[in-house]
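Chains as they are written, first to last, in the numbering used here: chain A, 1 to 360; chain B, 1001 to 1290; chain C, 2001 to 2282.
Don't take every hint at face value.
[Stated by the list, open to error] With a straight-line Cα cutoff of 20 Å, these simulated PhoX-like cross-link-like pairs (lysine-lysine) come out:
id : chain 1 : residue 1 : chain 2 : residue 2
1  : C       : Lys-2185  : B       : Lys-1107
2  : B       : Lys-1076  : A       : Lys-216
3  : B       : Lys-1005  : C       : Lys-2021
4  : B       : Lys-1076  : A       : Lys-356
5  : A       : Lys-170   : A       : Lys-215
6  : C       : Lys-2106  : B       : Lys-1076
7  : B       : Lys-1008  : C       : Lys-2021
[As the list claims (entries may be wrong)] Computed Cβ-Cβ distance ranges for the label pairs, DEER-style:
id : chain 1 : residue 1 : chain 2 : residue 2 : range
8  : B       : Phe-1059  : C       : Ala-2111  : 52 to 60 Å
9  : B       : Ile-1281  : C       : Gly-2107  : 15 to 23 Å
10 : A       : Asp-169   : B       : Leu-1066  : 27 to 35 Å
11 : C       : Asn-2177  : B       : Glu-1189  : 31 to 39 Å
12 : A       : Pro-132   : C       : Ile-2036  : 57 to 65 Å
FYI, nobody ran anything at the bench for these hints, they're computed from the structure. We put the CB at the ideal spot given by N, CA and C, even for glycine.
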Amino acid sequence: MSIYQPRFAPSRRTLLKGTGALIAGITFLPRFSQAEEEKKLNLYNYDTYIGETTLADFNGATGIETKMDLFADMDELFSKMKAGNPGYDAMVVSNDYLERMVKANMVTPLDHSKIPNMSNIDPAFLDPKFDPGRKYSIPYMWGTIGLGFRTSAVEGGMLDSWKTVFDSDKYAGKISVLGDAQNVLGCALKYLGFSFNSTDPAELKKVEDLLVAQKKNIKVFAPDNGQDLLASGEVVVCQEWNGDIAQVMVEDKDLNYIVPKEGTNIWEDTWAIPVNGPHPGNAHVFLNFILDAENGSKIATTVQYATPNAAAKKLMPPEYTGSPAIYPPQDVLTKCESTIYLGEEIQKMRDEIWTKIQAA
Amino acid sequence: MDNWKDNKNVFWTLAGPGTFWLVMFFVVPLAFLFIMSFGGKAIINGEMSITEYDYFTGFGNYLRSLDPLYLGIMWKTIWVSAIATVLCLVTAYPIAFGICFAPERWKPILLMLVVLPFWINLLIRTYALIAVFRTQGYVNLALGTVGLGPYEMLYNNFAVIFGLVYVYMPFMVLPLYATIERLDKSFLEASLDLGASQYTTFLKVTVPLTMPGIVTGVILVFIPCLGSFLTPDLLGGANAVMIGNVIERQFKAANDWPFGAAISFMLMFATFAALMLRAFIASRSRGVDV
Amino acid sequence: MATQPKPGSGPLDYGSRLWLKILFIVIYIMLYVPIITLIAFSFNTDKRGVVWRGFTLDNYTKAWNNSALIEAMTNSLTIAFIATIISTIIGAMVAVMLWRFRFFGKGTYEAFMGLPIVIPEICMGVALLLFFNVSGMMNFVVAMPWPLNLANIVIAHVAFCFPFVTIVVRSRLVGFNRQLEEASKDLGASEWQTFWKVIVPFMMPGLVAGALLAFTLSLDDFVITFFTSGPETVTFPVKVYSLVRRGVSPEINAASTVLIVITVVATIIAMKLQAPEKSGKG
């Protein structure tokens, strides 16, 4: 065949030279601005879990451009961050998951000198067991998990027990529960009379059997939008966070929320700074910002959860501070347990049970 | 066709980038996944680690994936995919057939109309179905005007199957159209002239001759259905879980990557089995090849 | 070759059968109703998106002002653009190589090229997630400025796009008359010149079709991007997914309609360019 010299060589060289110069140019650009943090912030949070204007207010006050990504539950947050921080500066973490992440070295200690507004926090929240001295986090909101339901569709207009979602086909096909192992298994444990944080395999097996049998009556696992399903009529009763239900209760007077008589858990959500975040300085500024009384009260008004910020609470109206959905009365509180991180072995056991239930 | 040795420079230049890309960013990741499927969470200082993994702890994950529970889901996934595929075939065949026999000037338009939805984002099309099927959705609204009660059409197997058919139907139409178009119509005419009914002609002449197209279409639909997780995730609710969802959960929420890797490979084996079945059937058919 | 029967009532004239026409219309309606309602309700004022309350373009302005959505859209388009260019080049090169040369193990190689098309997307997504993490590429790339931090996603997209380009270009090359190539060489042109001035112009419709295919595949991709994206590298389908999980809202409809329009326009252009498929023209 033909023996002509392939003339790829010269053009290839010029192409390579050009590309090399281009890449070198681009990578050199940011070096100059790396001296100070750029005015950006990446947050990772639940949906509808911040004030309506908070991010815009923050941008206005500091000039820092803020983006907020959403996750549906703690499992999603954890697995995303575990694979390596993809670029978040601050995240909302529940108390038990914070413990887990501290143990896995996934969060950095806070620089309290940059967060003077910590003085606004109610002293009861300043030294919790899961984060002594608030080394890694600031408290954000606390609350309970319970039943949201539509009074007109429910017998007697009132519910009182976890039985409705875990052990009965009364509203079959119109029930939704949360989407993560911790909260569903925990509440089911409470229903059966065991501890929310039980590690006893026999007790866990009972819960597994209970839920596998109940599965056919559950319409959908709704990690964060149970209240939407309730509002749109897809479901009639749902296991949900109290504030989520309180939010839709404002729009729809037919909805209500109760903590079942068997008890439930008390959770506390916090803001923490993950390791390898690109803008830790801005993250501290943000944490300080939301601890401010005014900003804190705006957040509480939107999300309708209980705030651990004493200064913010003072600015809230009586409908909020007196609402039993948001601030449960003492007799309810005694039946509630805090979620504890139980170690990876137990976690794996619970996850396996959960996968089995989901697959059933 | 030249022998590659005649022009090694050109050969390697042309083959280089593509091969490198596939090896580096396809084969190697799959190899990583395969290795991980034999791993497990590391035990550090007597306590199970949160983030570290041991490599090669044995076949535990595969054994676990053969647990009746997961086999049950795999079976159900195959079942659902099969039903969806058959429904696709049944709806796509008349369409393809009709387009072939339509007047010339209509053909490209009709074809484009069928293919167009395929180009629209899968997520968006699935999302559109939510609004249509939910309790306060359009279908129930329309039924409500004639007094028929709201039906639960979402968050169940019906929704998933309908969603799969809806999303993959264009995949089925194209190969069918290609085969039917190349079919020598005189065969059909001959059959009819010889006295066979339309029905018999269809069964005994048309279908066997278009079998390659049918098989291609079936494969093009069945395999994505097997691996789909978006459709059951958005439309399926608690009780219409497919194997894709289980895999996704292992990598996201359940934090058990080795197990997820093992199930992924089980899924791939199922896919390859389906493909080999296809090759087998295709080699035995005598129809017009697509 | 099939003779087209005269329109009328011949035994093969299925086109005029009533039942076929009805079936057609029913199926086409079912195919389009969800999409049309989606587009129609993007103009609705009702927040829950069910009852028609009034015509408005508010949802579009809201979507336009939603900087997260716009950024996701920009990312999607950028990734699609870059991935298309790379895929088309690589894919075409492999196509030419396969068309031109025979070599030991060619059948296996072709099957190997077909793997990304056949593997369930979710398997590829998780494999890439694992690979990027273990190899440290995830951390490395994420720290880079835009658009370099999209590199991981671009790499992933190219990996599953270029085999499609190869198939399309190859089917186009089948019609190429090698004598033209030989003539060119006999007249003194080098390999390179022959390639650019004879083969490439012939391949062009295939290249364009392949490029458009790659573009749409990349733009639409959800599964693989879902597993490999981070906060600064969210693409449009991934963003819509996180919104969709919350339920139906007209703003999503508006954003979706925009994506539909882009896709439809690209497809129509592709099909128009595919149409003059007469081979041999240089």
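Is it true that the CA of C:Lys-2106 sits at most 20 Å from the CA of B:Lys-1076?
-> violated, 37 Å
Status of the given 31 to 39 Å range, CB of B:Glu-1189 versus CB of C:Asn-2177 = Holds: the Cβ-Cβ distance is about 35 Å, inside 31 to 39 Å.
Has the given pair, B:Lys-1076 with A:Lys-356, been kept, meaning a C-alpha gap of at most 20 Å?
-> It holds: about 15 Å lies between the C-alpha atoms, which stays within 20 Å.
Consistency of beta-carbon spacing, C:Ile-2036 to A:Pro-132, with hint 57 to 65 Å = holds, 59 Å
When you take the CB atoms of B:Ile-1281 and C:Gly-2107, is the distance between them in 15 to 23 Å?
-> Taking Cβ atoms as reference, B:Ile-1281 and C:Gly-2107 lie about 19 Å apart, which means the hint holds.
CA of B:Lys-1008 to CA of C:Lys-2021, is that 20 Å or under?
-> This hinted pair is violated, its Cα atoms lying about 57 Å apart.
Range hint compliance [Cβ, A:Asp-169 to B:Leu-1066, 27 to 35 Å] = holds, 32 Å
With 52 to 60 Å as the target window, see if B:Phe-1059 and C:Ala-2111 comply at their CB atoms.
-> violated, 28 Å
Please work out if B:Lys-1005 and C:Lys-2021 have their alpha carbons no farther apart than 20 Å.
-> This hinted pair is violated, its Cα atoms lying about 57 Å apart.
Can the restraint linking A:Lys-170 and A:Lys-215 be considered satisfied, given a maximum Cα separation of 20 Å?
-> Within the cut-off at roughly 13 Å; holds.
C:Lys-2185 and B:Lys-1107: Cα distance at most 20 Å?
-> Distance of about 42 Å is beyond 20 Å: violated.
Within a Cα-Cα threshold of 20 Å, do B:Lys-1076 and A:Lys-216 meet the stated pairing?
-> Measuring from Cα to Cα gives roughly 15 Å; hence the hint holds.
Violated hints for the displayed structure, listed by number in ascending order: 1, 3, 6, 7, 8.
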